[in-house]
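*Asks:* Listed here are the chains, written in short residue letters.
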Amino acid sequence: MFAYLVRRLLYMVFTFFGIALLSFFIIKLSPGDPSRQFERSAGQIASKTEQIASENVEEFRRLYGLDLPLPVQFYRWFHRLLTFDFGRSIIYKNERVSSLLLSRLVTTMQIQLLAILLIYSLAIPAGIVLAVKENTLLDRLLTLFLFLLYSLPSFFIAILLLSFFSSTQYFNWFPALGMSDPNLPASAGWFAWFMDRLHHLALPVAVTAIGGLAYLAMQMRSNMLEVLRQQYITTARSKGLQERVVILKHALRNSLIPILTIFASVLPMMVGGSVIIEFIFQIDGMGKLAFEAILQRDYNVIMATTVLSAVLTLLGILISDILYVIVDPRITFD
Amino acid sequence: MADRRWLGLVAVFVVTSAAGCLYDSDRAADLLETRPSLSSLVKAEVQRLLTLYGAGLPKEDERGYLRSVPDAFNDLVKEKWVPKAKDTGGTIRVQTESEPKRLNSYMDSSAVTRRISGYFYRPLLRTDPETNDLLPDLAESWETADIVWLRGRRPDSVFEIREKPEDPAGDNDYLVGRINPDSIVWAARDQGIAESLEIVVEGQKRVLTREQMRVRVNQDGSYRRMFDRNVVFTFHLRKDVRWHDGKRFTADDLIFTLDVIKNPYIPEQTQTRGSYQSVKYWEKLDDFTVRIWHDEQYFRALENYSDSATFFFVLPKHVFMPEGQKFTEEEYAKYYRDHPAHDAPVGCGPYVFPTEQVLPRYNPGKLKGWERGAYIRLLRSGDFYDPERRGYLDEIRFVFIQEADQTLRALRSGQIDFTPRWLGSEELFRKTLDDDFKSRYAKILFYTGNYSYVGFNMKKPYFQDVRVRKALTLLLNRKKLLETVRYGVGIIVSGSQYYFGPAYDRSIPPWPYNRPEAVGLLNEAGWIDTDGDGLRDKDGIPFEIEFLITQGSTSSETLAAMLEEELRTLGIRLTVRRLEWASYLEHIDDRKFDLMSLAWSTGVESDPFELWHSSQWQSRGQNLTGFSDPEADRLIGAIRRETDPAQRYKLQHRLHAILYRECPYIFLFCAPEKGAYAKRYRNVRFYGKRPGYFLEEWFIPQGLQTDQERKRAKLLIEARNSGRSAAEPGLESPRMPGGPRDPEEPATPETPAASAPQPSSSEGGS
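One line per chain: the protein sequences are G and X, in this order.
Heads up: take any position in the first sequence, counting from 1, add 1059, and you land on the numbering used here.
327 is the number that the numbering used here gives to position 328 of the second sequence; each next residue is one higher, with no gaps.
Derived from the structure by calculation, the hints contain no laboratory data.
There could be a bad hint or two in this list.
What the hints assert, rightly or not - Output of the computed footprint for chain G on chain X, the stretches with three or more beta carbons under 8 angstroms from beta carbons of chain G: (1) 240-254; (2) 398-406; (3) 410-416; (4) 433-439; (5) 581-589.
Beta carbons are placed, not taken as given, at the ideal position from N, Cα and C, and that holds for glycine.
When you get a sec, could you build the whole thing from the sequences and use the hints?
*Replies:* Right under this line is the structure:
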């Protein structure tokens, strides 16, 4: 077990290095250069003497290390990375990338955590019910409905929800954008704060959850069906156990194994956020940050978000492998 | 299993189309022909708004300036509303297209930052939004003086000795005074050499001769001169201004601001620094007088201390400079760039950014000023030094929303009150035809300085000949294009200045759509199909051009398609290449294009140098097309030097005529700003000068304020009054002689803004 883990970690280091190297060069070699944008803005109004402007572009390039040869830039960047220093953002006027990421991460995780909570708390019961009532009308209708949800693109759902539930034309129940009510006094207690947050995040969370909810419920249903066909379930039933006990005690545990491992793959999603949802609801999260950084070639921010999701994906895979061993005694690493 | 999948597909189709129809019920109604067709409704709406704008554009005043009419777009307002003291209070939530990176427009020169910081930071002068006249602000008065450049040296020269080939080594002498313009006897005017001139120095008249004076060449080499007019400014500052933390505003703050602007180690400030390049020396004459020396005559030099063009504002020295510490310029730049006050500014304007530092009476509710990613909030101080501009609304909140459809949704959900310019044609004319929207919001439409264009790369063989450029201009049916992409709303322009501004010559009509003439011009220019391949050619070069447009822009697509079709039938092949925005701009910077399309936004009057001077092609300036015309260059030099507006406008009109004749661009449209605001606001005016509105003019009649707003207004006034009488810890004792009582500080606030509101009356609505 231990030897396996060490080996896995070593592989991960190499994979990570490969990802870092590749993404660094892809981004650097794509057209568009922040210092060029800087030069443009500097020249817009009043650069009467161009040597002054270009001196400043040089200064700018020097400041962000853009004047060095690419391999040197990579070396410096990777070296700093090992000490968790992501450098400073170019578009966010010199703010530290790490603090920028942290503040955006908090926002994104609020939505994602709520969405995951919603997904699991709805999908698992739904999956169980569907499996138990296999081939009834309920099963068919609900499956159809889930299929429908799964196939609708999230931006479409978002716009529909917004048009109907946050407009005076129909029902103005939820705010169309933002994370909190600016008029909420600082003295309001945590409960008021929490309810306000829920009120604002209801629609984005719903949209985020819908796709995953449908997928997970279908997963759960098929897992459950498979387990229900096992012989030990028949044994349990023939022992005269109540159906409720059979399902919830004997079947549920085993059918949860695949679901548990899917949870690990949720990790990168939690951090990455969704560009589309964050854009539509005007929420300053990770997805929006990464998108804006790419548009404006803010290298440090792009690389930081890439690295973060790479690390988390790798970790997620590792965790899911470990989880397998823990929840299912039949699997070992040896 | 198979039938279920089929069923699913049908269900998806039915549900989505039903939902889609509900969502876009206008279009659905159109399809079902249940009411007058959508297009006729849209047309009527366009007409209605244009008429309202026309009503908002009354006659020009005696000087030829347009005067705005308050509340022109609000059908609830039947008569003119004059704000009364009791009408203070209330909030406005303004949609803002992006979030400032920092609240200091020297560090972050985006339009948004300038717009927001103008409410708490103040400039020395301000400009009238309609006439562009300079008015006092932090400086209550000012004087200007001229400089004559003399031969010889003086030890106390304020100008650094800059070695120039024209300057005999080390000459740095000069004389400051007022030149009598009628007394100048020219030897060679285009060489800048005067035989003699008369100058008044401290009341003494002096005559200078050619031998005494020296010739200098300006930075960009465009002209030579022996003297510069209006280059030394003496500003007399107001003595009654306090920063929002209670400290006094003095000349030290202005001196510090200039130190910061001229500090070369702050790369974020390059753009700002560029505007103050000719500033060579600044000195404090006393606590409230500052003199600033420029070494080059420029029509904008004085305007550059106002809220126009580059937004100039004074920074509080005591906030940004730790007491008793010495810095070199480089060390200070390092300290300054990371200063927290860039995110939590302490200003002196009519509105306060709520931070820990400001006086508690400004923010009794301890509200948060800046919620990252969401909004910035400013609070009315109530004791701004200019009683006319104290503002009425208690709070201005700038809400960050990037896209037009999100803006519309925020209006519909009631989360914002005003969007100045962020609705598209679709949102304004088609998506907001319902009564729900129209009863709550007044839609607006007004013109600021901007125009779009198609630019020729004049260094390419096809476009060197003016006849070809003109032919392409004649071939683009701009009227039809305007109809197609903007519901016909916009003005086709023929020059590069603001259409309603004084520098635009409205007597020059745009070139018409004229195919036969265009064909004639092409033939005349020698572009004829000689080898019979269906393409015109000249000197062996076939007429094949590439049109660079930005990805995802529908109006550019339409434009390109129209032009392509026109040209194809005449034997010119136009291929369209789409690029993502960042690389699009890079291609244009590198001049790697044949044709491209961009838009400029301008002020009321803009400096033509960047766009049209021939030097700005080589230096990668904004002369993107390679336009080069000796006459235009001379005119541009003269325009930049001319400080008399009336004379300068004449020169601008001459330049306009040259641009019209030479067709460096196919000038397209000046597009209106399109927005909406909640109907309870009054005294709402829109101006041609960006951003086009001043929220300190707006107010909500007390009867239309919510109970909450009225309560809050009362609380704020109480806090202000008690804050004044109680000894405030933040308020330092004045440095002036005369004991603890501040001579400038009135004993009791007797201002209209601070008087208590009277009970609400029926005047509220109509």
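*Asks:* Now tell me, hint by hint, if it's right for this structure.
*Replies:* Evaluation of the provided hints:
1. Using a Cβ-Cβ cut-off of 8 angstroms, 0 residues of the region 240-254 of chain X lie near chain G, which falls short of the minimum of three, so the contact claim is violated.
2. For a cut-off of 8 angstroms, the count of residues in the region 398-406 of chain X with a CB near a CB of chain G stands at 6, and the three-residue condition holds.
3. Counting residues of the region 410-416 of chain X whose beta carbon lies closer than 8 angstroms to any beta carbon of chain G gives 4, which meets the minimum of three for the stated coverage.
4. Counting residues of the region 433-439 of chain X whose beta-carbon sits less than 8 angstroms from any beta-carbon of chain G gives 4, enough to reach three: the coverage restraint holds.
5. Look at the region 581-589 of chain X against chain G: 5 of its residues bring a Cβ nearer than 8 angstroms to a Cβ of that chain, three or more, so the hint holds.
Hint compliance for this structure: hint 1 alone is broken.
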